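Chemist: Take the sequences, apply the hints, and build the full model.
Taken in sequence, the protein lines are chains S and H.
Residue numbers for the first sequence follow my numbering, so the first one is 1 and each next one is one higher.
Residue numbers for the second sequence follow my numbering, so the first one is 1 and each next one is one higher.
A hint or two may mislead.
Any copy will do: because identical chains look the same in the list, a pair fits if it lies in one copy or spans two.
No farther apart than 30 Å at their CA atoms in a straight line, the calculated lysine-lysine pairs in the BS3-like style are these [claimed, not checked]:
{"no.": "1", "residue 1": "159", "residue 2": "86"}
{"no.": "2", "residue 1": "218", "residue 2": "89"}
{"no.": "3", "residue 1": "218", "residue 2": "159"}
{"no.": "4", "residue 1": "159", "residue 2": "9"}
{"no.": "5", "residue 1": "215", "residue 2": "89"}
{"no.": "6", "residue 1": "86", "residue 2": "218"}
{"no.": "7", "residue 1": "9", "residue 2": "215"}
No lab work stands behind these hints, which were simulated from the structure alone.
These numbers were taken from a predicted model, which means no experiment stands behind them.
Here are the chains, one letter per residue:
There are 2 protein chains.
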Amino acid sequence: MRIVDIREKSIDISRYSDPAIPSGGLTTSIVSVTTDVVRNGVPVIGYGFSSMGRFAQGGLIRERFGPRLLAAGDVTPLEAWTAMMKGEKAGGHGERCVAVGTLDMALWDAAAKAADLPLHGYLVQEFGGGNALATIPAYASGGYLYPDNDLSRLTDELKAFADAGYCRAKIKIGATTLERDLARTDAASAIFGPGCLAVDAMNAYDAEQGLAAAKALKSRRLMWFEDVCDPHDFEAQSRIAGAYDAPIAAGEALFSAAEAKLLDRHGGLRRDRDILLFDPVHCYGLPGYVEILIALEGRGWPRSAFWPHGGHLFSLHVASALGLGGVEVNPSSFPPFGGLVDQARPDNGRISPPDLAGIGFEGKPDLAALFSAL
Amino acid sequence: MRIVDIREKSIDISRYSDPAIPSGGLTTSIVSVTTDVVRNGVPVIGYGFSSMGRFAQGGLIRERFGPRLLAAGDVTPLEAWTAMMKGEKAGGHGERCVAVGTLDMALWDAAAKAADLPLHGYLVQEFGGGNALATIPAYASGGYLYPDNDLSRLTDELKAFADAGYCRAKIKIGATTLERDLARTDAASAIFGPGCLAVDAMNAYDAEQGLAAAKALKSRRLMWFEDVCDPHDFEAQSRIAGAYDAPIAAGEALFSAAEAKLLDRHGGLRRDRDILLFDPVHCYGLPGYVEILIALEGRGWPRSAFWPHGGHLFSLHVASALGLGGVEVNPSSFPPFGGLVDQARPDNGRISPPDLAGIGFEGKPDLAALFSAL
Numbered sequence: 001m002r003i004v005d006i007r008e009k010s011i012d013i014s015r016y017s018d019p020a021i022p023s024g025g026l027t028t029s030i031v032s033v034t035t036d037v038v039r040n041g042v043p044v045i046g047y048g049f050s051s052m053g054r055f056a057q058g059g060l061i062r063e064r065f066g067p068r069l070l071a072a073g074d075v076t077p078l079e080a081w082t083a084m085m086k087g088e089k090a091g092g093h094g095e096r097c098v099a100v101g102t103l104d105m106a107l108w109d110a111a112a113k114a115a116d117l118p119l120h121g122y123l124v125q126e127f128g129g130g131n132a133l134a135t136i137p138a139y140a141s142g143g144y145l146y147p148d149n150d151l152s153r154l155t156d157e158l159k160a161f162a163d164a165g166y167c168r169a170k171i172k173i174g175a176t177t178l179e180r181d182l183a184r185t186d187a188a189s190a191i192f193g194p195g196c197l198a199v200d201a202m203n204a205y206d207a208e209q210g211l212a213a214a215k216a217l218k219s220r221r222l223m224w225f226e227d228v229c230d231p232h233d234f235e236a237q238s239r240i241a242g243a244y245d246a247p248i249a250a251g252e253a254l255f256s257a258a259e260a261k262l263l264d265r266h267g268g269l270r271r272d273r274d275i276l277l278f279d280p281v282h283c284y285g286l287p288g289y290v291e292i293l294i295a296l297e298g299r300g301w302p303r304s305a306f307w308p309h310g311g312h313l314f315s316l317h318v319a320s321a322l323g324l325g326g327v328e329v330n331p332s333s334f335p336p337f338g339g340l341v342d343q344a345r346p347d348n349g350r351i352s353p354p355d356l357a358g359i360g361f362e363g364k365p366d367l368a369a370l371f372s373a374l
Numbered sequence: 001m002r003i004v005d006i007r008e009k010s011i012d013i014s015r016y017s018d019p020a021i022p023s024g025g026l027t028t029s030i031v032s033v034t035t036d037v038v039r040n041g042v043p044v045i046g047y048g049f050s051s052m053g054r055f056a057q058g059g060l061i062r063e064r065f066g067p068r069l070l071a072a073g074d075v076t077p078l079e080a081w082t083a084m085m086k087g088e089k090a091g092g093h094g095e096r097c098v099a100v101g102t103l104d105m106a107l108w109d110a111a112a113k114a115a116d117l118p119l120h121g122y123l124v125q126e127f128g129g130g131n132a133l134a135t136i137p138a139y140a141s142g143g144y145l146y147p148d149n150d151l152s153r154l155t156d157e158l159k160a161f162a163d164a165g166y167c168r169a170k171i172k173i174g175a176t177t178l179e180r181d182l183a184r185t186d187a188a189s190a191i192f193g194p195g196c197l198a199v200d201a202m203n204a205y206d207a208e209q210g211l212a213a214a215k216a217l218k219s220r221r222l223m224w225f226e227d228v229c230d231p232h233d234f235e236a237q238s239r240i241a242g243a244y245d246a247p248i249a250a251g252e253a254l255f256s257a258a259e260a261k262l263l264d265r266h267g268g269l270r271r272d273r274d275i276l277l278f279d280p281v282h283c284y285g286l287p288g289y290v291e292i293l294i295a296l297e298g299r300g301w302p303r304s305a306f307w308p309h310g311g312h313l314f315s316l317h318v319a320s321a322l323g324l325g326g327v328e329v330n331p332s333s334f335p336p337f338g339g340l341v342d343q344a345r346p347d348n349g350r351i352s353p354p355d356l357a358g359i360g361f362e363g364k365p366d367l368a369a370l371f372s373a374l
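Modeler: In structure tokens:
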């Protein structure tokens, strides 16, 4: 397929279902890539967005990667990716990795639509289906600190997750005192029991704070303890892992295979239990994510350790096609980007990607309307 | 000072004095920041650019960091930096670090002009002058592979460096066969003798290629062997350092204190001889650079190991004020950004920053014209 038009827009996103609650000025880019492929009389258009958490990338998309894609000629998604990365220098794995990943998502959406396949089916064709899973373990992600009535609103949010059929959940810690965070963790544990609740410190702790949190959390039988310190502070992470036998999770804020190998070599992680959160959008898109997967599999990591960050439909297709350990879902955060397609519910804690052509954004009317407006 | 207007433009730059020679589509951003400070009846305006080698950053400057700076109120350069970094997440040290560094350069230019001091004098006031050096060792940097007549054009380029008063130089390797690179190195060594020529492999080698190059280069008594592999491949770098007793240089493509500490801990570098190339623009500007300097000094590195990348006047002021080991100069590459102010020449291989107010871009008429046109 040939990319003949690219449009992008920056969109404000919120950690809360109520976007009036201040949320750090987060943004994401939405993009459309129009192809020269015609289906049912109209051009196939792929949609993508910048996942959550690393800001919109309009400038890099318009100025650097979009023009390369428009000049790439007739390409598969993998060839398009190579064209976008041409001339990029070693190191510096921030921002551009998100810009490339945003366009990459739209390319896969377009290619799968052109093949009239749901993305997970298209990926099985492309990468082989030996590991594919029809259903994937999922957890409901949210639990950000509320500016007021935090404990009762947190409890309401988690009850809603349980009512929606989720049997695992993750909340955020690190934005208030450890004492309050332990109260939050215990309130959430009353709804999601042993082994079913994860806590995410969002890289907020230094070594001493992380050690204090680990000490307090280790009796609480968590699903995992996530982003325990700065993502490049492998010294602190190793010390914290050394004081915390239960699973820890890392990798959400590392965006390259080069950094993933360093994490494996120096980060103190345990291949028999720890969790890898790399985001298939933020890591230069699917080709970059697969490079990380192959590198770490080669070093002894099981695929079941990979629970991709993002909480959106793209990660779900990727996890299904590649047979990963599980996925995040944002049932209430980051509307309209989070959550499943309408009417979809977990079954025994597992979910399936939609069977619409492409990623299936069209099954989420609010999100589809955002994309169509491009 | 308060920033009342910011302008930016993306500029094509070339590795060659002849910009007609293809040069990888390199770009840099130029910016102006207009302050509310009036001197001689006109507002003080600071100028900055994105150093060389990591592409222009117009989108991030316009969309993310410029607006924060305009909203920052009455600030010093350090306070302005904190305002620009507000809400930025851990990890992801690429692109944004260049955008912030570009604006940071202009802020220091403006602040020094407002104080009617050359930047090195202003920095001595800000950071203390205990380490300041009036003159700094310098080397002439260039020697990129020419598409034709490479050896004779390389020789001409290096003779011009010697004629301009430089007694140290650096050339690029890694873009052709090792055999041709050894011939290039030997041709350059005939002009810049033992200990006076560095070679820069531009992160092009994997471990085996780097080891082969190290083995061939070690008899050649180089000033240093630079960027010997991927900047995050500390395993390869350690192996290469283990096979190469003479100095190696690293850090040009690492942009944060977090990564600098990893380089120190895992990169196999030797504090008694190796060279640290961090770029004071690309590392989130001067505040980020100083954070790296303090972190590595605390781990036993001497200031003399720091030879900042960039080859421009900003690095020269920083090196002088902080008392670093030396600086790169680009006498012919990246016109009009490289090189000294007109009429300035090395004296015994050492140079001084200009004594004009601010960075002194006004002493380079071609460059000053670019900035004024903003």
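Chemist: Now tell me if each hint is right for this structure.
Modeler: So, going through the hints one by one against the coordinates:
1. 159 x 86: neither (48 Å within a copy, 33 Å between copies)
2. 218 x 89: For residue 218 and residue 89, the Cα distance is within 30 Å only across copies (26 Å; inside one copy 42 Å).
3. 218 x 159: Within one copy only: 24 Å inside a chain, 66 Å across chains, cut-off 30 Å.
4. 159 x 9: Result: close neither inside a copy nor across copies, 34 Å intra and 51 Å inter.
5. 215 x 89: between (42 Å within a copy, 25 Å between copies)
6. 86 x 218: neither (46 Å within a copy, 32 Å between copies)
7. 9 x 215: neither (44 Å within a copy, 51 Å between copies)
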